[in-house]
Amino acid sequence: MSAETDPVPPPVLPSSRKLITALAAIAMISGLLVAVTYEVTAPVIKLNQQRALEQAIFKVLPAATVHANFRLEGATLSALTSERFAEANVFAGYNADQVLVGIAMEGAARGYQDVVKILYAYDPAQNGITGFTVLQSSETPGIGDKVETDAAFQENFNPLDASLNAGGDALAHEIITVKNGRKVNPWEIDGISGATITSTAIGHALNDSAQAMLPPLLANRDLLIAPHTKGEDD
Amino acid sequence: MSPDSHAFIFLNAFLINNFVLAMFLGLCPFLGVSGKVKTAWNMGLAVIFVMIVSSVCAFGINHLLVRFNLEFLRLISYIAVIASAVQLVEMFVKKFSPALFRTLGIFLPLITTNCAILGLALFQTNREYDFTQCLAFSLGAGAGFTLALVLMAGLREKLELADVPDTVTQAALSLMIAGLLSLTFMGFAGLGG
Amino acid sequence: MATDPRAPETLSLATFTQGIWQENPVFVMLLGLCPVLAVTNTATNALAMGLATLFVLLCSGVLVSLLRKIIPKQVRIACYIIIIATFVTIVDYAIQAISLDLHRALGAFIQLIVVNCVILGRAESYASKNTVINAFVNALGMGVGFTFALLCLGVVREILGFGTLFGLTLFGASFQPWAVFALPPGGFFVLAGWLFLFALIRKRRAAAIPEESHVA
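Top to bottom, those sequences are chains R, S and V. Residue numbers for the first sequence, in this note's numbering: 1 to 234. Residue numbers for the second sequence, in this note's numbering: 235 to 427. Residue numbers for the third sequence, in this note's numbering: 428 to 643.
The following block holds chain R by itself, in its conformation from the complex:
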């Protein structure tokens, strides 16, 4: 290891005012610079995040032309203005005729390297999941990231059965990823051979999220039917 960063003996903790003043002055200048940068970049960053989210929403809900933000907490569904998109976890998509075409929600599960975050679309008319897009993943390139590109894997979502049970408090059947070629039921996902861990992660993400969110969501479906225009508060 080179001695380039010649280690200084640790700075003697100052009792003299000069040292403290110097440190304090530097700290204040630094703090000021950082605060200014933060203020300048914050609105731009927020805009970027909003754009990225909208891109994802319209990717999983291709029939939608406008979307509305909601927040589902426990059993209460509340509408949010477009400003508060960061707090939303449910996005309803409407087409040009103001008809609800689908609902986008987030799911996450542990994959091969790290957590895989997805945004998936649920179609209430078909009681199923029609597709998903990966928001964040560190999966193995060329292997794990096939979940987004593999045509056969996407076939699973035409649609993936996510109907509720008789009591309406959970999914009728657990969504589960099975080994490639073993899919029998519409609520199973045919995994990609060679990318089992990531395929299973998608299954877990969908199941965990759907089990938790679909029952209360569908109980509140009236709130979703009528689109809310941007800027309107409820």
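Since the hints were derived computationally from the structure, they do not count as laboratory data. Please read these numbers as outputs of a predicted model, since none were measured by experiment. It is possible that part of the hints are untrue.
[Claimed, not checked] Here are the simulated SDA-like pairs of lysine to any residue, each with C-alpha atoms no more than 25 Å apart in a straight line:
| # | chain 1 | residue 1 | chain 2 | residue 2 |
| --- | --- | --- | --- | --- |
| 1 | R | Lys183 | R | Gln211 |
| 2 | R | Lys146 | V | Val582 |
| 3 | S | Lys272 | S | Thr418 |
| 4 | R | Lys146 | S | Met420 |
| 5 | S | Lys270 | S | Arg361 |
| 6 | V | Lys496 | V | Thr558 |
| 7 | R | Lys18 | V | Val582 |
| 8 | R | Lys183 | R | Asp123 |
| 9 | R | Lys59 | V | His530 |
| 10 | R | Lys117 | S | Glu305 |
| 11 | R | Lys59 | V | Gln523 |
| 12 | S | Lys270 | S | Val402 |
Start from chain R and add chains S and V according to the hints.
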């Protein structure tokens, strides 16, 4: 194992996403450590201690920053905390074991610029771990770091007796070994379900 | 390779070029290796990281040089670190504002620039002892050298591991990417490969010019 359980967090940092071999943190001491297992072991222990202290302090500081909406000061405050923690460990080691202090020499103050410590603080903040999860994480990370260091030192001890061509510098050789170790550790993927 | 403890040097081309070849922070001094291996899985990430580090090197070098007469000796490391951390935070927000995808790809390693030994080392051994212009030029050289090293790795790893370069597909659809190079072990292997190559070049040069030799 649930991904939020302490056992899994520990295992993840220790083996599956080993801080050195998978996350590329703490490479300077990893490559620069002497070819002696004993020194590596001591260095590892010092790092574990600094990691636990830094992790706890970072957790506390983060809560304060969030409370007062000062998140942009996070990096600066973390670094300050780590520098102080290293300072503390140095004084501690110097007082209670001067021999160890001499052996570790340059590496002790260099722990401040060790990406592993700062990386630990940043990751635990990103993943929003609670207090006990932070402890499990820092223990796992420290243990993983020590494991990688000891493995490397052990292998290099053996290599001292081998006939290595001139053009293969010490560094290139260490990197090849590191690559092979990293490849082996990939086998732990998917551990814990 | 030893740093010059004597009086501040006069500005020359060497001030700039030493950071690129003789004292290349990655290939010669083996500093700042964490980002070198972590974010070089694609050439774009490597370039972005190199530029971010260059920015921090320049700004911190200039500021440290400006304040060199004012910063007391006893607390200088602490001051340098605060200054470096400031510019790293600025770069972090700047990247978020430019491209969220890039920010996600680089991840925590943007903030880890602050513990990149190259920057602290330069501040301590050069910027604190030289004029602002010298410090600027030297930091520029170091930053360019660092970016060069990152690109060496990024280009190789992307071509082998993805079959693309800066996002452009190079080979046909039948190309099977050599995935290991996009993964951690690949980073180690490629860096080892480059170090071996440079050692070979140096040895050949040393053999050809007997009166001057750079020892690896």
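R/Lys146 and S/Met420: Cα distance at most 25 Å?
-> Holds, because 19 Å separates the two Cα atoms, which is no more than 25 Å.
Compare the distance between the alpha carbons of S/Lys270 and S/Val402 with 25 Å, and conclude whether the hinted pair is satisfied.
-> holds, 20 Å
Satisfaction of hint between V/His530 and R/Lys59, Cα-Cα up to 25 Å | holds, 21 Å
Given hint V/Val582 paired with R/Lys18 - CA-CA distance at most 25 Å = Outside the cut-off at roughly 49 Å; violated.
Regarding the pair V/Lys496 and V/Thr558, is the alpha-carbon distance no greater than 25 Å?
-> holds, 11 Å
Below or equal to 25 Å on CA atoms is what counts here, so check R/Lys59 against V/Gln523.
-> holds, 22 Å
Holds or violated: S/Lys270 to S/Arg361, with C-alpha atoms at most 25 Å apart | Violated: S/Lys270 and S/Arg361 sit about 35 Å apart, past 25 Å.
Does S/Thr418 lie within 25 Å of S/Lys272 when you go C-alpha to C-alpha?
-> Distance of about 23 Å is within 25 Å: holds.
Pairwise hint evaluation, R/Asp123 against R/Lys183, where the allowed Cα distance is 25 Å at most | Roughly 21 Å between the alpha carbons, so the hint for R/Lys183 and R/Asp123 holds.
Would you check the hint for R/Lys146 and V/Val582, treating anything up to 25 Å between C-alpha atoms as holding?
-> holds, 23 Å
Agreement of R/Lys117 and S/Glu305 with the hint, judged by alpha carbon distance not exceeding 25 Å | holds, 24 Å
Under the criterion that the straight-line Cα-Cα distance not exceed 25 Å, is the pair R/Lys183, R/Gln211 satisfied?
-> holds, 21 Å
In terms of the numbered hints stated before, the structure departs from hints 5, 7, listed from lowest to highest.
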